[in-house]
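First to last, the protein sequences are chains S and U. The first sequence begins at 21 in the numbering used here and counts up by one. The second sequence begins at 42 in the numbering used here and counts up by one.
What the hints contain is simulated information worked out from the structure, not anything from laboratory work. Some hints here could point you the wrong way.
[Claimed, not checked] Derived coverage of chain U by chain S (criterion: at least 3 residues anywhere in the stretch with Cβ under 8 Å from a Cβ of chain S; other residues may be distant):
# : region
1 : 63-74
2 : 151-162
3 : 215-228
[What the hints assert, rightly or not] Non-contacting residues of chain U with respect to chain S, defined by C-beta distances greater than 10 Å in every case (computed):
#  : residue
4  : Arg50
5  : His78
6  : Leu98
7  : Leu165
8  : Gln184
9  : Thr186
10 : Leu191
11 : Leu195
For glycine and all other residues, C-beta sits at the position ideal for the given N, C-alpha and C.
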Amino acid sequence: MEPGDSTKQARAAAQLRKGVLEYCVLALMRDRPRYGVELLHALEDSGALATSQGTVYPLLSRLRRDDLVTTTWQESASGPPRRYYALTDSGRAALDEFTRVWPGFRNAVDTFLTTPHPSPGDLA
Amino acid sequence: MKTSADPVRDYLSAVEREGSALPADRRQELLADLAEHIEVTRAERPGAAIGEILAELGDPRTIVATALAEAGNTAAGAAGDGAAGAPPRRRGKVHPLAPLLMLTLSLPFMMVFPDLPGPLFGVLFRITGAVLLCTSVHWTTVQKTTGVLLTAVLPTAVITTWNLAGGPAGTPSLVANLITLALLAGTAVWLWRARRV
Numbered sequence: 021m022e023p024g025d026s027t028k029q030a031r032a033a034a035q036l037r038k039g040v041l042e043y044c045v046l047a048l049m050r051d052r053p054r055y056g057v058e059l060l061h062a063l064e065d066s067g068a069l070a071t072s073q074g075t076v077y078p079l080l081s082r083l084r085r086d087d088l089v090t091t092t093w094q095e096s097a098s099g100p101p102r103r104y105y106a107l108t109d110s111g112r113a114a115l116d117e118f119t120r121v122w123p124g125f126r127n128a129v130d131t132f133l134t135t136p137h138p139s140p141g142d143l144a
Numbered sequence: 042m043k044t045s046a047d048p049v050r051d052y053l054s055a056v057e058r059e060g061s062a063l064p065a066d067r068r069q070e071l072l073a074d075l076a077e078h079i080e081v082t083r084a085e086r087p088g089a090a091i092g093e094i095l096a097e098l099g100d101p102r103t104i105v106a107t108a109l110a111e112a113g114n115t116a117a118g119a120a121g122d123g124a125a126g127a128p129p130r131r132r133g134k135v136h137p138l139a140p141l142l143m144l145t146l147s148l149p150f151m152m153v154f155p156d157l158p159g160p161l162f163g164v165l166f167r168i169t170g171a172v173l174l175c176t177s178v179h180w181t182t183v184q185k186t187t188g189v190l191l192t193a194v195l196p197t198a199v200i201t202t203w204n205l206a207g208g209p210a211g212t213p214s215l216v217a218n219l220i221t222l223a224l225l226a227g228t229a230v231w232l233w234r235a236r237r238v
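Generate the whole structure from the sequences, applying the supplied hints.
Quick look at the structure:
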């Protein structure tokens with residue numbers, strides 16, 4: 021492997037993550053409200069979506085400003101109170117919309133990646 | 042990174058320093074979120090070293106870069122609700138019609154009141170309009186420059202040249218004024234349409 025290949029791979033992963041991260045975060049809140057650290061753990065466990073933890077907070081802040089999530093403080097049995105993030109109606113609508121378009125998107129990419137596309141002028 | 046008794050405070054002040062370009066409310070919100078994260082993680086993993094928790098949180102510069110990108114993302118949304126974007130939009134919060142009307146109406150004002158102090162007020166209108174246009178948040182620098190050139194500098198230059206050359210009063214002067222007025226109105230309409238809402 022040439023030097024620099026791993027950085028290029030990291031860049032591809034980062035580009036992909038940028039596009040889907042907010043919907044994965046919304047999806048994590050689908051069934052119940054979650055607090056920040058909890059969301060980060062779930063992202064980390066996924067592997068591919070793991071990101072520098074701190075960068076998720078600006079994203080959460082934007083989701084809040086865009087009225088896709090609301091936050092409430094809840095006391096915890098251990099440690100400080102946590103800020104819980106929950107989907108709003110428009111957050112749920114955005115998530116539904118993404119859920120609807122994603123399979124087509126995923127299949128299209130898979131098709132490009134797996135099917136050979138011979139063209140008449142192609143020597144290979 | 043220099044070491045001190047309180048690595049958390051060092052970390053948060055690094056975020057604050059790097060985030061000086063962020064709007065104050067966004068910066069405070071980010072700092073509060075990160076402080077809360079550190080506190081919660083410490084409570085959940087009492088054995089973890091604070092250095093480890095901060096390392097997982099990531100480089101302050103990366104976090105601030107993300108925050109700046111997200112702040113740009115919602116610029117349009119923030120303008121809509123007002124409250125969130127209010128502090129950084131204080132400057133130049135004059136209604137976009139104000140500079141346009143002042144620049145356009147300065148000429149007809151001078152035409153209607155050709156005797157002193159009519160022209161004086163007209164010139165004052167024009168200067169105030171140009172200043173308001175330049176300090177407004179509704180236009181880009183290029184649009185502002187074009188606007189000032191077409192609505193203030195060019196007409197002033199034309200009128201001054203006309204007067205210095207001792208141009209004849211009467212119909213030709215009226216035609217010239219009307220052409221200039223059309224230019225002013227056209228530029229104002231263009232600026233009005235091109236404005237950032």
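Okay, the hints, checked on the actual structure:
1. 63-74: holds (count 4)
2. 151-162: violated (count 0)
3. 215-228: Answer violated; 0 residues pass the 8 Å Cβ test.
4. Arg50: For arginine 50 (chain U), whose nearest Cβ neighbour in chain S is about 16 Å away, the distance exceeds 10 Å, so it holds.
5. His78: Violated: least Cβ distance 6 Å, not greater than 10 Å.
6. Leu98: The claim breaks: leucine 98 (chain U) does not keep its Cβ more than 10 Å from every Cβ of chain S (closest is about 4 Å).
7. Leu165: Given that every Cβ of chain S is farther than 10 Å from that of leucine 165 (chain U), nearest at about 41 Å, it holds.
8. Gln184: 27 Å, holds
9. Thr186: Holds, since 33 Å exceeds 10 Å.
10. Leu191: Since the minimum Cβ distance to chain S is about 38 Å, leucine 191 (chain U) lies beyond 10 Å and the statement holds.
11. Leu195: 42 Å, holds
When the structure is compared with the earlier hints, violations turn up for hints 2, 3, 5, 6 and for no others.
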